[in-house]
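Protein chains: 4
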Amino acid sequence: MKVVADFCLIPLGVGTSLTKYVAIVQQTLQASPHIKYLMHSCGTNIEGEWDHVMEAIKSCHTSLHTRHAVPRIHTTVRIGTRIDKDSSIQEKIDRVKSELESSSSSS
Amino acid sequence: MKVVADFCLIPLGVGTSLTKYVAIVQQTLQASPHIKYLMHSCGTNIEGEWDHVMEAIKSCHTSLHTRHAVPRIHTTVRIGTRIDKDSSIQEKIDRVKSELESSSSSS
Amino acid sequence: MKVVADFCLIPLGVGTSLTKYVAIVQQTLQASPHIKYLMHSCGTNIEGEWDHVMEAIKSCHTSLHTRHAVPRIHTTVRIGTRIDKDSSIQEKIDRVKSELESSSSSS
Amino acid sequence: MKVVADFCLIPLGVGTSLTKYVAIVQQTLQASPHIKYLMHSCGTNIEGEWDHVMEAIKSCHTSLHTRHAVPRIHTTVRIGTRIDKDSSIQEKIDRVKSELESSSSSS
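Line order of the protein sequences matches chains A, B, D and R.
Okay, so the first sequence: first residue is 1 according to the UniProt record's numbering, each after it adds one.
Okay, so the second sequence: first residue is 1 according to the UniProt record's numbering, each after it adds one.
Okay, so the third sequence: first residue is 1 according to the UniProt record's numbering, each after it adds one.
Okay, so the fourth sequence: first residue is 1 according to the UniProt record's numbering, each after it adds one.
What the hints contain is simulated information worked out from the structure, not anything from laboratory work.
Heads up, a few of these hints could be off.
For identical chains, the list gives no copy identity; a pair is met inside one copy or between any two copies.
[As the list claims (entries may be wrong)] EDC-like mimics (lysine to aspartate or glutamate), calculated; alpha carbons at most 20 Å apart, straight line: (1) 2 <-> 49; (2) 36 <-> 91; (3) 2 <-> 101; (4) 20 <-> 49; (5) 97 <-> 49; (6) 58 <-> 99; (7) 2 <-> 94; (8) 36 <-> 86; (9) 2 <-> 55; (10) 20 <-> 94; (11) 2 <-> 51; (12) 36 <-> 49; (13) 85 <-> 101; (14) 20 <-> 84; (15) 2 <-> 86.
For reference, chain A alone in the conformation it holds in the complex (with noise of 0.2 Å):
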């Protein structure tokens, strides 16, 4: 079952300045295998399989804890799974685009 995915990692107990643990996060899913990602400014799409993008979730909750220390950590997760057509991040936006071009178009 393929996923597109987005989740945003939170670490609690470690003050207020969280960009060291969100490279830490990129990290991890650079070394993830079988995903594809995206970070942006409230979190990171990821793309895959549903066991390796929730593999790739799951390291990066590991990998604070273990390594770095963090305490605690709060994650949301939006996920998409669809049966009707297959679907990616790259896809999703280029639909998108591609709509508000051609009603500015016809407009």
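Take the given structure of chain A and dock chains B, D and R to it, following the hints.
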């Protein structure tokens, strides 16, 4: 790694009445091993080991897609993990109620 | 426009014990006009007109920042609106429970 | 109170193809005063004063319900506020990229 999570699953392409599908989610959770769960008005609290919790949510997607013909699903999950102390659905509620009682009795 | 929502507020920069702040959120909601709310283990259901619900959540942020010195806050909200029929925290729960009972009695 | 938020709006009861509605959301944001926004594959970053951001999201719901006959909408929002320093969509991205570059050059 223990998780206290909360998830809300939205089936798409099946109209606006979702009660039937929320009931299937509850039945799928009931059949899932090693987790505790508690439905509320906008989702379901779920507690257990990371892999058991994620496997239960995956089972909800799989069951709705394959056995109930739901073409598309959008799920949001809040995931909490911590290594500083143990946590559970019940303890989290109890701690806040206790805090509210002590602050009202001291005022 | 009526809203049935669910929100989870996470204070940052105040350590890992959040019970005190969750209690303040509940007290702020109690003082908010025209809403109903019900805490669960991973957030709070909240119901009312859009503006009243959003004003209540804003009050939680404002109170924590200005009166309780919380430097940073991360909140997630699920918002449901519909024009096909009325909805409420209680009705949503009742409908699923009724569905679960009728499906178990018919099997 | 300044907000950096991220929201994902899901129209229900309109089938599984949501591109048209995502485009309407983008057009509604474009017409909303005093906010900045940036679409990604699973939602939209949005930045501005609390009231302006919430008003823009409300406009998306109102427009879809009343002018595009969407019967039901499910929206998830991540909201970040802070009083310790200023923040923006662009700064958050820049800080992480800078951290990633410095950590790769030091290794």
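Each hint, compared with the structure:
In this assembly of identical chains, the alpha carbons of residue 2 and residue 49 lie at most 20 Å apart only when taken from the same copy (4 Å versus 23 Å across copies). Taking identical chains as interchangeable, the C-alpha atoms of residue 36 and residue 91 lie at most 20 Å apart only when both belong to the same chain, with a minimum of 13 Å there against 24 Å between chains. For a Cα distance limit of 20 Å, the shortest separation of residue 2 from residue 101 qualifies neither inside one copy, at 28 Å, nor across copies, at 31 Å. Neither within a single protomer nor between protomers do residue 20 and residue 49 lie at most 20 Å apart by alpha-carbon distance, with minima of 28 Å and 27 Å respectively.
In this assembly of identical chains, the alpha carbons of residue 97 and residue 49 never lie at most 20 Å apart, being 25 Å within a copy and 27 Å across copies at closest. Proximity of residue 58 to residue 99 under the C-alpha cut-off of 20 Å is found in neither arrangement, the shortest distances being 36 Å within a copy and 22 Å between copies. In this assembly of identical chains, residue 2 and residue 94 lie within 20 Å of each other by CA distance solely inside one copy; the values are 19 Å within and 31 Å between copies. Proximity of residue 36 and residue 86 under a CA criterion of 20 Å is satisfied intra-copy only: 15 Å inside one chain copy versus 31 Å between copies.
For the homomeric pair residue 2 and residue 55, the shortest alpha-carbon distances inside one copy (14 Å) and between copies (15 Å) are both at most 20 Å. In this homomeric assembly, residue 20 and residue 94 come within 20 Å of each other (Cα to Cα) only across copies, at 12 Å, whereas the closest approach inside a single copy is 31 Å. For a Cα distance limit of 20 Å, the shortest separation of residue 2 from residue 51 qualifies both inside one copy, at 9 Å, and across copies, at 18 Å. Taking the shortest alpha-carbon separations for residue 36 and residue 49, only the intra-copy value of 10 Å comes in at or below 20 Å, while the best inter-copy value is 26 Å.
In the homo-oligomer, the alpha carbons of residue 85 and residue 101 never lie at most 20 Å apart, since the shortest distance is 23 Å inside one protomer and 35 Å across protomers. In this assembly of identical chains, residue 20 and residue 84 lie within 20 Å of each other by CA distance solely across copies; the values are 17 Å between and 39 Å within a copy. With identical chains, the CA atoms of residue 2 and residue 86 are at most 20 Å apart within one copy only, with a shortest distance of 8 Å there and 33 Å across copies.
Consistency note: the structure conflicts with the earlier hints numbered 3, 4, 5, 6 and 13.
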